[in-house]
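**Student:** Spelled out from the first residue to the last, the chains are:
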Amino acid sequence: MGIYVVHPGLLTTIQDRGRFGYQAYGVPPSGVMDEKAFTIANLLVGNDKNEAVIEATMMGPEIYFEEDNLIAVTGAEATPYLNGRPMTRYYAFLAKSGEVLTFGPRKSGCRIYIAFHGGLNIEPVMGSCSTYLRGKFGGFCGRCLAKGDRIAFKNPQKSLEGYGFRFTYKESYFVDEVSLRVVMGPQDHMFTQKGIHQFLTSSYEILADSDRMGYRLQGEKIEHAVDGNIISDGIAFGAVQVPTNGQPIVMMADRQGVGGYTKIANVISVDLPVLAQCIPGMKVRFCQVSLEEAQKLYCARLKGYEELSVRLDHPKVDGRIVITRRENDAEQN
Amino acid sequence: MTITLEEVISIPTNKKVKKMKQLLDRESIVGITETVPAYNSLMVHYRPEVIGFSELCEKLKTYEDFLEDEENKEEQVIEIPVCYGSEYGPDLEEVAKHEGISTKEVITRHSSYKNYVYMIGFTPGLPYLGCEKETFHVPRRATPRTKLPRGAVTIWNNQTTIFPVEQPGGWQVIGRTPLKLFELNRKLPFLLKAGQWVKFHSITEKEYQKIASDVERRTYQVRML
Numbered sequence: 001m002g003i004y005v006v007h008p009g010l011l012t013t014i015q016d017r018g019r020f021g022y023q024a025y026g027v028p029p030s031g032v033m034d035e036k037a038f039t040i041a042n043l044l045v046g047n048d049k050n051e052a053v054i055e056a057t058m059m060g061p062e063i064y065f066e067e068d069n070l071i072a073v074t075g076a077e078a079t080p081y082l083n084g085r086p087m088t089r090y091y092a093f094l095a096k097s098g099e100v101l102t103f104g105p106r107k108s109g110c111r112i113y114i115a116f117h118g119g120l121n122i123e124p125v126m127g128s129c130s131t132y133l134r135g136k137f138g139g140f141c142g143r144c145l146a147k148g149d150r151i152a153f154k155n156p157q158k159s160l161e162g163y164g165f166r167f168t169y170k171e172s173y174f175v176d177e178v179s180l181r182v183v184m185g186p187q188d189h190m191f192t193q194k195g196i197h198q199f200l201t202s203s204y205e206i207l208a209d210s211d212r213m214g215y216r217l218q219g220e221k222i223e224h225a226v227d228g229n230i231i232s233d234g235i236a237f238g239a240v241q242v243p244t245n246g247q248p249i250v251m252m253a254d255r256q257g258v259g260g261y262t263k264i265a266n267v268i269s270v271d272l273p274v275l276a277q278c279i280p281g282m283k284v285r286f287c288q289v290s291l292e293e294a295q296k297l298y299c300a301r302l303k304g305y306e307e308l309s310v311r312l313d314h315p316k317v318d319g320r321i322v323i324t325r326r327e328n329d330a331e332q333n
Numbered sequence: 001m002t003i004t005l006e007e008v009i010s011i012p013t014n015k016k017v018k019k020m021k022q023l024l025d026r027e028s029i030v031g032i033t034e035t036v037p038a039y040n041s042l043m044v045h046y047r048p049e050v051i052g053f054s055e056l057c058e059k060l061k062t063y064e065d066f067l068e069d070e071e072n073k074e075e076q077v078i079e080i081p082v083c084y085g086s087e088y089g090p091d092l093e094e095v096a097k098h099e100g101i102s103t104k105e106v107i108t109r110h111s112s113y114k115n116y117v118y119m120i121g122f123t124p125g126l127p128y129l130g131c132e133k134e135t136f137h138v139p140r141r142a143t144p145r146t147k148l149p150r151g152a153v154t155i156w157n158n159q160t161t162i163f164p165v166e167q168p169g170g171w172q173v174i175g176r177t178p179l180k181l182f183e184l185n186r187k188l189p190f191l192l193k194a195g196q197w198v199k200f201h202s203i204t205e206k207e208y209q210k211i212a213s214d215v216e217r218r219t220y221q222v223r224m225l
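These protein sequence lines map, in sequence, to chains E and S. With my numbering as the guide, the letters of the first sequence map in order to residues 1 to 333. With my numbering as the guide, the letters of the second sequence map in order to residues 1 to 225.
It should be emphasised that the hints constitute simulated quantities derived from the structure, not laboratory data. Treat the hints with care, as some may be off.
To be verified - Listed next, with one range per pair, are the computed distances between beta-carbon atoms: (1) E/N155 / S/R218: 31 to 37 Å; (2) E/N155 / S/E27: 33 to 39 Å; (3) E/K147 / S/R141: 35 to 41 Å; (4) E/N245 / S/R141: 20 to 26 Å; (5) S/S28 / E/N245: 54 to 60 Å; (6) S/R218 / E/E220: 39 to 45 Å; (7) S/R218 / E/G21: 40 to 46 Å; (8) S/S213 / E/I231: 39 to 45 Å; (9) S/E75 / E/V310: 35 to 41 Å; (10) S/E27 / E/S159: 45 to 51 Å; (11) S/R141 / E/R85: 57 to 63 Å; (12) E/E99 / S/Q221: 40 to 46 Å; (13) S/F53 / E/E205: 31 to 37 Å; (14) S/Y63 / E/E99: 55 to 61 Å.
Note that the Cβ used here is the ideal one computed from N, Cα and C, for glycine as well.
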């Protein structure tokens, strides 16, 4: 007993951090698109940081609870409702048996995350509960959630340490244009100076055929020295591939492990959630940072998660509730 | 991080990549989460909060000297049974016409040489194969097929591969193997791995059916040459 899917929404899947260790066999990592909203959702309900959650795209699902459990909703800005009562995002609350979770219209962002205390009862495939849609495996039967699906809870709870204070800064997202920081390479030497300049100074529109595999962008053509082909090599999350047509593709969660196009740069880890919350029609710009800077920011984010986790479990310091705005964003302080 | 060796697709270079991967997998350096080999490079995924970029570089440099030594002792050659032609290989006749030889000669040629598994990628279990000599020159199909069945044995130009799952594709289908290159619920989901060799072996339709049912029952023993 756990949840019953009344309406799945547009594209709703089960995801955890991803399937690692099988890229050498051609298996994409999959996993959540927005690692930040995912991690925070899990921390709010007191889960392990890797527990599988529901990732919904563009609109929230409608979920009937067959059993009480603590849940948290993060990511895209759309108000969650329990039996019609508005609830707060980025806040752990109790959903009771018989209640229905619905969502109001989306104001910003693209992907909603719903974490359940103790997690969902999903059989891992190759060490992960993530759904790989193209491969039709992982998650719930290797597919998107559909009306009538039932998923059990593993270890539901009615309350938790610090309950009532398990909330944090509510994220909202840009709706027109975002700036993404990148580390240049590994094939930036295969572009002309003009090409690099075009990449770092123009804005690129997100095309409609963007998906969990990659964001396809369109804008000023990025000029290659020769062409966009290389001897296929490894692809990381956020790699900006530029085929010979000069239009960039940012590789996302369902990316394949290797590819044969020149990669001009890589979006830094802490900015991938920003892109994951962008929708087609929006514009992105790229700006260059050093690898050291990128890794410093990433480590700061991890530290932020640690601090948030501690504060959620122990909300009172000297008998007072201490909550700092943007605590989940240590690097922005 | 990506370690790129010489800018060529060659078996000796790829063997160095394999060696590097083996070394790193065996040493299990703290912070490295996964290594992904390609033709002439190895991608190393790592956790920067555990090991920094420059520290990792220093560490990896110490392995450089080990890449040159001894030949890999035993090289595995895996035999892939293939039923060529008819409904199993609808493009066989066209390939023969293009190469100016008989269908029988296409089969003989295709099953006469060893193919090196450079890497596995694109879809789960799909091998990127290569061999050291010229084989065929046939182009891709002008119109890709919307469905290539699981096990389709295909060629394009000097390359051949086997499709582990049903998918669309523009390569010429000359036969089909009853073996499953990728099966989720098997103890070892992947039949092949990078660094092995593959040799095709022509079988009859009857043998195909027999092997297919053995594969289904999991009693089929893959032949190593």
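**Student:** Among all the numbered hints in the text so far, which are the ones the structure does not match?
**Tutor:** 5, 6, 7, 9 and 12
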